[in-house]
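The chain contents come next:
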Amino acid sequence: MELTLWTYEGPPHVGAMRIASSMKEIHYVLHAPQGDTYADLLFTMIERRGQRPPVTYTTFQARDLGGDTAELVKKNIKEAVERFKPKTLLVGESCTAELIQDQPGALAKGMGFDMPIVNLELPAYSKKENWGASETLYQLTRTLLKEKVSSSDKINPFRWRELGRRPKVNILGPSLLGFRCRDDVIEIQRILSEQGIDTNVVAPLGASPDDIERLIDAEINICLYKEIAEASCEWLKRNFGMEYTNTIPIGIKNTIEFINEVHEKLDLPLTNKEELENKSKLPWYSKSVDSNYLTGKRVFIFGDGTHAIAAAKIAKEELGFEVVGLGTYSREMARQVRASAKDLNLEALITNNYLEVEDAMKKAAPELVLGTQMERHSAKRLGIPCSVISTPMHVQDVPARYSPQMGWEGANVIFDDWVHPLMMGLEEHLIDMFKHDFEFVDGHQSHLGHTATNTKDILNSDEKKEKNGKEGIIWTESGRAELTKVPFFVRGKVKTNTEKYAILRGIPEISDETLYDAKAYFS
Amino acid sequence: MSKVKFNKETGPREVFCGLTSIVWLHRRMPDAFFLVVGSRTCAHLIQSAAGVMIFAEPRFGTAILEEKDLAGLADAHEELDRVVNDLIARRPEIKTLFLVGSCPSEVIKLDLATVAEKLNKRFLGQVRFVNYSGSGIETTFTQGEDGALKALIPLMESSNEEKLLLVGTLANNVEDRFKKIFRNLGISNIESFPPRQSTELPKIGKNTKVLLTQPYLSDTVRDLKHRGCEIISAPFPLGIEGSTKWFLAAAKAFKISELKVHEIISPLINRAKLALDAHKEILKGKRLFLLPESQLEISLARFLHNECEMDLIEVGTPYLNKDLMKEEINLLPDNTKIVEGQHVEKQLDRVRESNPDLVVCGMGLANPLEAEGISTKWSIEMVFSPIHGIDQAADLAGLFSKPLKRNQILTSKTLVTH
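Here the protein sequences come in this chain order: A and B.
According to my numbering, the first sequence holds residues 941 to 1463 in order.
According to my numbering, the second sequence holds residues 497 to 914 in order.
Please keep in mind that the hints were generated in silico from the structure rather than gathered at the bench.
For every residue, glycine included, the Cβ atom is placed at its ideal position computed from N, Cα and C.
Be careful, since some hints might not be right.
With a Cα cut of at most 20 Å, we get these calculated DMTMM-like pairs of lysine to aspartate or glutamate [claimed, not checked]:
#, chain 1, residue 1, chain 2, residue 2
1, A, 1086, A, 1157
2, A, 964, B, 868
3, A, 1088, A, 1150
4, A, 1014, B, 754
5, B, 605, A, 1004
6, B, 676, B, 754
7, B, 564, A, 942
Estimated spans, in silico, between C-beta atoms of each pair [as the list claims (entries may be wrong)]:
#, chain 1, residue 1, chain 2, residue 2, range
8, A, 1150, B, 527, 51 to 61 Å
9, A, 1011, B, 849, 26 to 36 Å
10, B, 904, A, 1211, 56 to 66 Å
11, A, 1005, B, 748, 43 to 53 Å
12, B, 867, A, 1336, 16 to 26 Å
13, B, 617, A, 1041, 29 to 39 Å
14, B, 668, A, 1453, 52 to 62 Å
15, A, 1049, B, 566, 20 to 30 Å
So that you can see chain B by itself, here it is in the shape it has in the complex (with noise of 0.2 Å):
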């Protein structure tokens, strides 16, 4: 392991919690609605990070508890069942119904998993009912995505086939790309978790072999150890240098070559570094801040320094798993600062005597700091953005390059006034 500083921080956080990740995985399943038994807050949560107006009804939604809810537990239960009952008949397409946990579901300690019990009973064979907690007394953005997974994992059937299961949501276009190249390689059964169906859920067993595409799955690959599977220990496929390595421990765990592999991918590293030039331009030798968020902050790191020269100055990151991240941080430079954990006030302190040329930062932050003549990129791009994979390498660096170019025009002195 490369020697990288791992420091630790608490306090006050600037981060989303786990019920964020409902706005891509309600796209990545359209046959499935989440609803948050939660409050008011979370319901303005989700639509204000969401976007939600553009939908005439989006299939996710909050049961909202009241005062009523709280004074006993059973009528709360009821409640639920009633609900569930009106969304179900309104939504009869839907297929999986999520239900999610939230802080105040968890400090009243509604038992969510005994009402999906109940109501599988009750609409058996036609709706199917997990349930997760995406409160932010427990999980953190990423983590609610883990949380669904997981809650998944029991409704997979068992197969001994062997096969490559991608695992994290990925954009279908990037998916779509990542399996031609693996049948290109000589690797023809692959599937997905999630997969685009919540209904068509991979069967999984001793010969399936877990390639992990999201590096934020700490529990759901617990899980999938415990169901037999192997775990392909591999960087996470963002540029061109971890998107490399990835698909080779991949063609290693199916004994194909690695002159193979090249022979598949040079062609695209080639078209990819071409592309990535002109964003290196930008990028070099600039100062990089990334405050905590999505959990993809140290394959960020990893890419900015290592393809585009950016230097290192903080690395922050909500929660870090040194197991599964180990692959990534063995290809950090020595010495990076990662920083787990937040005191929002201690950072920026830290982000304004740094100077840094670029903060990676949640919504909250981003304006301020342009307002300080920080320049910043936010974070929550990069869980809706296609950034996988070699072909994307470039576009995933014109993420970080692009508010540095603009402000390069804006404060461009050149301009022939007469």
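Excised from the complex, chain A in its bound form (with noise of 0.2 Å):
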């Protein structure tokens, strides 16, 4: 038993209810009690989907479990069936029906219905969200190609020049409540386009069953979500032979390596090198002298393992911060985050549990948070700017306007996403500085607002604890006073610098001589 107060991932079920909405001409039955409907807000209200979810909730009551659930849920399929007609039925169930075996998906196969039919089990007490879409898009694959297996050569991924065509690709993972999944499926079409190779099928997102059956017209998988496609790839990869990416186009160096990948992986010439270092603005952004600042600025990273990685790859080497804390909710990704992670000398974060990446913020005393929507406010209390880079979804992050996070203008993107922050910082710190101007109006609110840390809170919350501590630190007068001369969002960091300085030697006051003593230590 796990206590949760919050989870950055639903059930495996509401992952299979993602692949399901994101595609057509396919329904779920879903084995649930009415309480499981809640899922539909997810996309009607956080996507502001114009359709409900294809999905079919049994709705079974305490008093059907004396009785025969069984027969409500082929009640339930035969409706479903008759009033949507779908090309391909999912069948599944919710935590609850996993524990009255019902067995939905063979009951549904039991009805002789001519469609492909996916039972879907997926293990509710052990797996989560992601899981669960990548074991649907793999079931349902696996099902509509299987009789295709056997009578079909391996794919040659060089075919296209013998048949006289461009090169063909699918782009896999994309999903609803995926992040900027909607956008960065229009910009690396986009890219493919202009490198001559066409895209064959995009799935799940607007997939229908007839496209998942014409996967085997390309010759290989774009896996653009590893979380979500890998298995599906690897099983397309085992049974026809087709190769897929492994390079996640989020970045200015991964986007290059990305599409030199794809050209490798196809025997295309790779023509127009050059111009691809000066597709995006993010490289002269990033150079121009008004960029130095970001130099060394210290960020922390969490977030799903797609996203983090490559966070963390662009922060380091595109915009010149220091990663001083990078983690993954995706267990399911945990040992390439660990790799990444041990890259940048650091320890990953793998956790659901988000008071721990709260306290591994603090530790880490970043200037800048990269993370979900939870380290978003984890990082509003701190006084910390943040910006978000990963699922789970909120509202605002299915913007309006075009802003994907992959290609060119996804790079563009997270540019001005992690930049406006700070620069935001920077404002703050000049608050900071000019708050005595008599110019300066009291009151000048900054985008922290009121949670953004003061000196006072600083000195004030931490007394208390100075004066009980085992360590017995004081800080005198002329400390304080120093402290409160240095620019807020590294203050925190000076403090405690500072302390563990004093701990080390053994000094019980700090003056403000230790804080440069400290100082001139630590650089």
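Starting from the two chains in their separate frames, assemble the complex, guided by the hints.
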């Protein structure tokens, strides 16, 4: 049993709903009690969808449990098929139905329908949303393509040349309630098309069951979100020999590497390599003198695996930040995130507990947080600027404007989204600097509002701790005065370091000189 | 009883479960914690309905069952023990801990009553434990509050003191208004249930006169009756008419003259009518379809028809207690179609066929209907907004007139373009 106050991911059947709702001509019969219908609002409110998710909830009640819930399942399947006439039917159960073991998938298969039926077994007590989405896409792909496995030769990725046409690829992974998927798909298709590569199928977003059957018309697969599509890509590779890409095109370096990888896999010569550097404004904006102040900014990163790993690379290599924390809630991608963290001499934080993330954030004393909406709230409480880089989705993460994360435009969006909060951080510093000038209007509010950390709070809140602390360190008048002169965004770090130094040296009282001693010691 | 038509429907539903009521219950009692014993789905449901992220640490959470808990029941009890210990160590300010059953905990027959009893002994004098079920296999949305209140009744001490007990969660400002009006009427001993602090439970007995503020408290009412309380029969205090009759019924129970009531509330009524007029202008003659969710639907239909002159196409309700609702049903126009339960697909067919001007529905259905060109109002807003009482009648009407007004603005072709 795990105490959870908030969870980054929903249950696995919500992942299945993401696949079903992303697609056309599919219906999902979910053996579930009435309350599980809350999940519809994720799509209709957060994504502002104008259609209901294609889901029928069997709505069993306590009084049904003594009787025949299996009959109820069959009745709902029959009605759903008659009403919605899906080309493929998904059948599964949510957490409660899993316990009563009606096996709705098997029931559906015994009802004599012509359409393919995908029996989804998503263990609700051990797995989560992204796993459920991945498993659903995989089972669906497998069901719709398994008959073609033996009859098909392995797909030669170079065959487009013999066939006398442009190479074709599938884009796999984009789904509803995925971070900026809607726009990433457009951006990636645009990039591929510029390179003379056609998109065969995008799935699950906007695909029909027929499209899934057409996947093998393409030469290779683009695995755009590993959380969702890697299992399907792997199956297509094993059974049809379809290669898939490993690079996620977020950031300039990754986008270029991605384009290289696609060309290599297709044996397509890359002719415009030099041009690629200038496709996005990020490299120049990052090089411009104005960006000098970005150097070494301390960033704390937490999100899904795909976005967290990409963010760490961009932060370090493209913006010149210092990554001081890296973590993910995606257990399935823990290994990759750990590897990325190791490259940065960090230990990755793998957790589903937002309070642990907040603690780690506090300890790392970052100047910028890149995280989920939850980290945005935690950062706000700590007075640290934050930009959102990952699911879980919030209505703000579905902007009206074109706002991808991937490709050239994605890099532009990332530059703006990450740097603007920092510029406001600078503004904060100016407010701090000029607040004693008579022209300064008292009560000027920064974007961080009242929650921004100010010196008084730091000192007041810690006063008690200092007096009661086992180390017994005391801040003298001069030490405090000096601390107030330190810009607010590094103040926490300076304070921690100075205390660390004082403990190390056995100094019982911190004066202004101790601050400078510590500064020299740690620099 | 007026000649309304009762129908029952079964099938797939689109409603919240009782766990959702934790969202307003925990705000009402800031010294209580609600611990759902359930699955990741339960946790996800509450956070999706409540916008949990704004809290540093919310006063509700879920003990998520894992595979190993399902293997043997003894383990699950021990595990729950551990989770509760951690929680209390972390939140020592908590005075009452609600152990809330869910669909999975009910199905595996986790005995939360026994767990609560054991914990009560261990934490005697520090934290009180009560249990109830908010599971979706037994309860719908607001019925969760019914379960929570019912669970508190055994903790209420007995007293034969004469008092007026307002039962059902109200917004604090509305509660204050009501109390002031009752005091002006000459009723001085007024208490509320649930109280603002979970430890300040009202004492009850044969001189307690219960006045319901919410229509979804069937089980609570039954248990209060068992404790000797007198239940005042009245419509619910939504709109001017409902609130007036509600005050009159209370006054009658305390032998206060009708004249006195009218004297006190007439200025309020006049003021409210004035405020209501602007909304009535928009709502008048518009056709309304209410889908089932909060059990407030019948009272809302009565208000929107009688005071705002809307036409009622269909009034859905997830559950109907005819006895508790009889005063309301009597005020409905003849031939009102009440549908208890739901087959969401068939009901949506009827929505489309009847071409309503406004549909009251849950959040899962609102945007899809809007996309079809049908104006909607989310029912969940009724349980989060102060809508009770004469002073709030215009605000209540405003919840329904706003979508229509907005629609008018957005589709208006009178903008001058150059």
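Violated constraints from the hint list, given by number and in increasing order: 4
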